Every structure is written in structure tokens, then in C-alpha cells.
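As they're listed, the protein sequences go chains W and H.
Going by the numbering used here, the first sequence opens with residue 1041, and the numbers climb by one from there.
Going by the numbering used here, the second sequence opens with residue 1041, and the numbers climb by one from there.
Hints are computed from structural coordinates only; laboratory data are not their basis.
Note that the structure is a prediction, hence the values are computed from the model and not measured.
Take these hints with a grain of salt, some might be off.
Any copy, or any two copies together, can satisfy a pair, since identical chains are not distinguished.
[Stated by the list, open to error] With a Cα cut of at most 25 Å, we get these calculated SDA-like pairs of lysine to any residue: (1) K1121 <-> P1159; (2) K1268 <-> N1285; (3) K1268 <-> P1361; (4) K1268 <-> A1334; (5) K1268 <-> I1306; (6) K1268 <-> V1348; (7) K1121 <-> A1111; (8) K1268 <-> H1304; (9) K1268 <-> D1074; (10) K1268 <-> T1366; (11) K1121 <-> D1062; (12) K1268 <-> L1321; (13) K1268 <-> Q1326; (14) K1268 <-> P1328; (15) K1268 <-> H1363; (16) K1121 <-> E1077; (17) K1268 <-> R1302; (18) K1121 <-> Q1223.
Number of protein chains: 2
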Amino acid sequence: VKDFPRTIEWVGGRDGFVRLIDQTQLPGALHYRDCHEVEEVWEAIRTLRVRGAPAIGIAAAMGVVLGVRTAGGDRAALDRKLEEVISYLATSRPTAVNLFWALGRMRNCFERSALVGEPLQDCFLHEALAIQEEDQQMCRAIGEAGAPLIPDGGGVLTHCNAGALATGGIGTALAVLYVAAEQGRRFLVFADETRPLLQGARLTTWELQQAGLDVTVLCDGTAAQVMKEGRVQLVLVGADRIAANGDTANKIGTYGVAVLARAHDIPFYVAAPSSTFDLRLSTGDQIPIEQRDAREVTHGFGRQTAPVGVAVYNPAFDVTPHHFITGIITERGVVRPVNEGAIRTRLATAFSQS
Amino acid sequence: VKDFPRTIEWVGGRDGFVRLIDQTQLPGALHYRDCHEVEEVWEAIRTLRVRGAPAIGIAAAMGVVLGVRTAGGDRAALDRKLEEVISYLATSRPTAVNLFWALGRMRNCFERSALVGEPLQDCFLHEALAIQEEDQQMCRAIGEAGAPLIPDGGGVLTHCNAGALATGGIGTALAVLYVAAEQGRRFLVFADETRPLLQGARLTTWELQQAGLDVTVLCDGTAAQVMKEGRVQLVLVGADRIAANGDTANKIGTYGVAVLARAHDIPFYVAAPSSTFDLRLSTGDQIPIEQRDAREVTHGFGRQTAPVGVAVYNPAFDVTPHHFITGIITERGVVRPVNEGAIRTRLATAFSQS
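Extracted from the complex, chain W is given alone in its bound form (with noise of 0.2 Å):
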């Protein structure tokens, strides 16, 4: 893990660029994709070259840093550009809440500040750099409190890929397998490769391949069958915005796993940092739910591969709700059982950053 490419990083300084890895172009190609518009950071996010929840957040910060830099004039004028970029980058989408919380750190980030010019374009910098830093080592944080969650000689089921391309560090629910893995752990890792775009077969597989862990790739319908076979004693997902009573929004088939989980007896666990809690929401039933392209289902594979005009529903988040959860593993802690009371006392508590 520690010598993964970066999936994000700004290169130079204030004058600097964005550059991810293209991760439409993976398994087959690591290709590197620079953005030096905040325009190039937009279609990056909508078109999934970078995904993932946090990794979406320091892409947005990144992104006013590039859609700010370039404007000129007093505090007015700044705070109304910004405000535009800040809309403009919220519209990419909607249901990773990371998002909205980068959005509101670089707007805070102006608020607390009189800065105009290169002093507040190093502000805002700053403040992404900081963001991913943190990232990072919430990434770490959350390996460690899960680790002690695998088992030693079993298996683990992941869905779509909440890993190292998914954060600024080495991941959310891979993060606890790396870390688990550093530790002597060993364990089976089962990767359903979630449909429509195959984050699971494409890059949870390649990152834990690259990192050394055994990994098979399942289809998503398989899932229910290596759970009867007593091949999974742990699920544990990712997640895009979680409620303030743990309802918790992660990609389309997130909720069919847990109820299978439920079903089978194997206890189901969420991986986020507290930046993906949106404590507004009092239950899942307000998280916005992205309803993407068609075509996505129909052409999946490069050939059409269903008919002409037919009807398509594909929703690309589902909602887990909180009893079907064990427990939420965070930088600050594992939160169990789940529910708000939990939840807001445990992200009330400090994170020490090592």
C-alpha cells in the first residue's frame, strides 16, 4: 500500500494543477488525467474518473482552488466568484456529502480570512492540501479501529470499492484490510464487482492486488451464495452520506448485501470518515439519490447489450437503513450499535492526527 500511485494529488504550487488517476481507464491502464480548469474537475467527478466519497471531497477543494485563482477585484467580488465555483462544482453530484463539507471548508476557509489575491489563493491551497492531508490520515485512523474486526482465517465481502481510489489514503473499508493485513491477519477477500460499473471487478480487485492480498471477484448475484457456503463471517462497505441515525447511503446493492448479511448471521460494517456524516439529516429517507445515465446499464461493456428503448431504473446509491448495520468504523472510533445518541457522541470525540 505504500507505494500506491496517488489517486489525487495538486502538483506545483499556487500556480499549480490537479492531476488523478483516470480510473475509467483501470484495470487495463494506470492513465494519469491533469486538470488545470475547474471545468476539467466537474466532468472528472460527474464521469466518475475520480469516485469515491472523500476522494470527490479533495477533488472539489482542489477544483476552487483552480476556479478561483484567476479572479481578480475586492472581497465582494471574490466572495460572488466563489460562490459561483462553489455552485457550479456542487451541481457534479449530489449524494456523496463529502462534497458539500470540502465546498463548506473552502468557503469557510474564505470567511475567516480579510485575504484577497495570491495570499488568499495560497489560503485556499492551503486548506484543500489540508483536507486531503487529513484524509489521509483518517484513512489510517479507520484501518486501525477496524482491524481488530477481521477475522484471522476468514473472509471478508466487500462491495464496490471504497479503498485507496476511493480516498486521499489508503482507503475506508480497504483501509481496515490493510491494516489488517500489516498485522499478520489472513484472510479472504470476496469483491462482488457492482454493477453497472464495475468498481469491484476493476479497481477493489486491482488495488488489492497491487497491495499483495488475495482477492476473488464475484458477480453481485453470487454474493448471497458465498454467504450460504460459510465462506463470509464480516461484510464491510464504504459509504456516500450517512444519516444522523446511521442510515447510510453507499452504492446501488449496498442494501441488498446487508440484508443478506442479516440473513446469514454475518455482521455488516460501514467504513467512513466523520466527513461523510451529515448530521442535518435526521434518516436516510432525505439523502438525494443520483439517478444516472441509462446507458451505464445497456452498453455497459462497449456492445449494447439490451434492447433498443428499453426502460432502465438506475439509481447509483441505495439506502442501508441503521438496523441492518453493526457498526460504523471511523477515525475516531467504531460507533456500535448505531444510532444517533452513539453516533454524535463518538464524532464528538477528539481525533489526535499522528
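Start from chain W and add chain H according to the hints.
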């Protein structure tokens, strides 16, 4: 449905051949494939050009006609040749019992007579056509038995393809929908795309579209979400083999759908002709499950979507325990509740072919 192209047919007389829709080309193209040799039938079954338990049975029976027609000699020599052809066809796919059932009928056809030469060839052809004709009538009867279960104004979810393309008639699970539609019931159909080979997206949508039914395709991981949204009032699937106690092998993913249906209090029905029951097996644990090539998962439709060398688990079927099955719709009526006594009683009742 009436004008539906025939999934499989025998063209000509004793010297004729098998013509089948090459289902690997759907929905992009409606191509027919003619098989003049038994090896071509074996290949068509193995590669899923023809698939679906009842259709596999018909194909195998017709394959026997092709395989033995050039054989000469006395009854002992014919017996050896027949055994060779049957053993060969039996290796094409292991799970659908209809294959072995149809081969058994061809064997019985031989045993019952003392024929050789052209009269024996005619006898074989007659038996193969009878299997097809009976299947067509069974499909219709299954549809009529099941149609009253379809919730008027509701939603029905199906997995894989148990339709006209899987049988010699109008299907098993989909026959129920076709007859319900004929009777004026209105309902929405949700078709799981059914990875890895997308029989739901490619075949079920295609034939329901042809029949004018309202169908929406979903990624397999989305089934739980549409259930949670209250849009599914019935789950209806086919079967590849049903043990004496009602445990049912069907396309991988079916078991998970059954667990999800139970968790959402949605009735889960299997539709299958009596040829799909294997009363020699007391439970589903004894059903052999075909493991298929990893490339079906990693190279779905032209392009490689998982890293080189990744481990893959790709069983073609899973087994749904009988206690998850609300009822089994057969041509002799509905088995409900599902247990060995009810199955044996139902299968012993007369089937009066129309």
C-alpha cells in the same frame, strides 16, 4: 407471443436438421443456427446458444436423432451407438435435469421397440418432436395455472430468462406473465439483468418487448431497492432442477433474490414443468452445480474488466431452499406449500393436454 420466432425446431423429415435461435447474438441480431451434426448441438448447448432447462432438453433429444441416424447394424450395435451419443450429450451441461430426462426418454424409446434402420430413426424423431410438443402444452398450462397469482396493477420481478427463449413454448415464469396479460391483467415487470451472461437484459427484455409487455431492466444489485420501494408484489423465476423436497437450482443470483423477497414479505414463486423435478434427489445439496469460465465475469462483453490473474468464483447456478419458495407453478397446478408430499401428490395428478 403467438408470432414469436421458434427458439428451436426440427426442419424437414428424417433427414432434416435442428434450427435454433443463436441466443448469444440477441438482442443485437436474430440469427438462426442450423445443426446437422450432434457435435453442433452439443456445442450450442455448452456455449448457451440454446439455454433454459426445457429448451436444453428438446435440443438434446433432437441431438440424439442427429447422432444415431447414420448408425447401422443390429440392435446391439445401435444400443452401443445410442449409449455413446447419450453419454456425449450428457456432458454438455450438468445442472438442468431436463437434459437427462429427455435423454432418458430417447433411451426408453429405443428400449420399447425392436426397430432398426429408418423405422427406428422415425421413432426417435417422433419422440423428440413429442417432447417439444408436450413442452409447448406444458408452458401454456403453467401460464394458466400461474396467471391468477399476478397482482393486477402490481409489479413482478424476474431473474434470468424463463421465457419462450428457454422452452419449446411460451416459457415457464414468463408464460405466467403472457397468459396474465392475455387475460387483461396489467402489471409492470422488473427484469434483473442477470450477470454474468445477461440473460435478463438481453433475452427477457427482448421477448417481453416483442410481446408488448412493460419491462424495466435492473442491475442485479438493484433488485433489493425496488423491493424496498414497494414496487414488487411477486417474484417469479424458472428452474433448472428441483429436488424432491422442493429445493430449486436456478440461475446464480436466484437464491439471493429469494432471501430478499422473504425479507420484504414478497411471495416468491418458481415456475417449471414436471420434467424439471428430480425426485431421486432428496434435497438440493445433491444437485450438481456447473462452474463456468472465469472469462464470463472478467471479459463480459468484449473488453477486459478485471485485472489479469484475478481469482473468480463463477457458479452458473445456486440452490434456493424450499422454505424460501412460496409455491411451484407446474403444468399440473400449483404446489403450495412446498414440501415433498405436496410435490409428489401434484406430480401424480393427470396432465390433460389440450
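Each hint tested on the structure:
1. K1121 <-> P1159: Within one copy only: 16 Å inside a chain, 90 Å across chains, cut-off 25 Å.
2. K1268 <-> N1285: This pair counts as between: shortest inter-copy Cα distance 19 Å, intra-copy 30 Å.
3. K1268 <-> P1361: both (23 Å within a copy, 11 Å between copies)
4. K1268 <-> A1334: Intra 32 Å, inter 21 Å, cutoff 25 Å: inter-copy only.
5. K1268 <-> I1306: both (10 Å within a copy, 21 Å between copies)
6. K1268 <-> V1348: neither (37 Å within a copy, 28 Å between copies)
7. K1121 <-> A1111: Answer is within: at 7 Å inside a copy they meet the 25 Å cutoff, but 86 Å across does not.
8. K1268 <-> H1304: This pair counts as both: shortest intra-copy Cα distance 7 Å, inter-copy 19 Å.
9. K1268 <-> D1074: Intra 45 Å, inter 41 Å, cutoff 25 Å: neither.
10. K1268 <-> T1366: Both: 19 Å inside a chain and 20 Å across chains, each within 25 Å.
11. K1121 <-> D1062: Neither, since 28 Å and 59 Å both go past 25 Å.
12. K1268 <-> L1321: between (35 Å within a copy, 20 Å between copies)
13. K1268 <-> Q1326: For K1268 and Q1326, only the inter-copy Cα distance (15 Å) is at most 25 Å; the intra-copy one is 33 Å.
14. K1268 <-> P1328: So K1268 and P1328 pass the 25 Å test across copies only (16 Å; inside, 33 Å).
15. K1268 <-> H1363: Classified as both: same-chain Cα gap 21 Å, cross-chain 14 Å, threshold 25 Å.
16. K1121 <-> E1077: within (14 Å within a copy, 74 Å between copies)
17. K1268 <-> R1302: Cα proximity of K1268 and R1302: in one copy and across copies (12 Å, 15 Å).
18. K1121 <-> Q1223: Neither way: K1121 and Q1223 sit 48 Å apart in one copy and 62 Å across, limit 25 Å.
The structure shown violates the earlier hints numbered 6, 9, 11 and 18.
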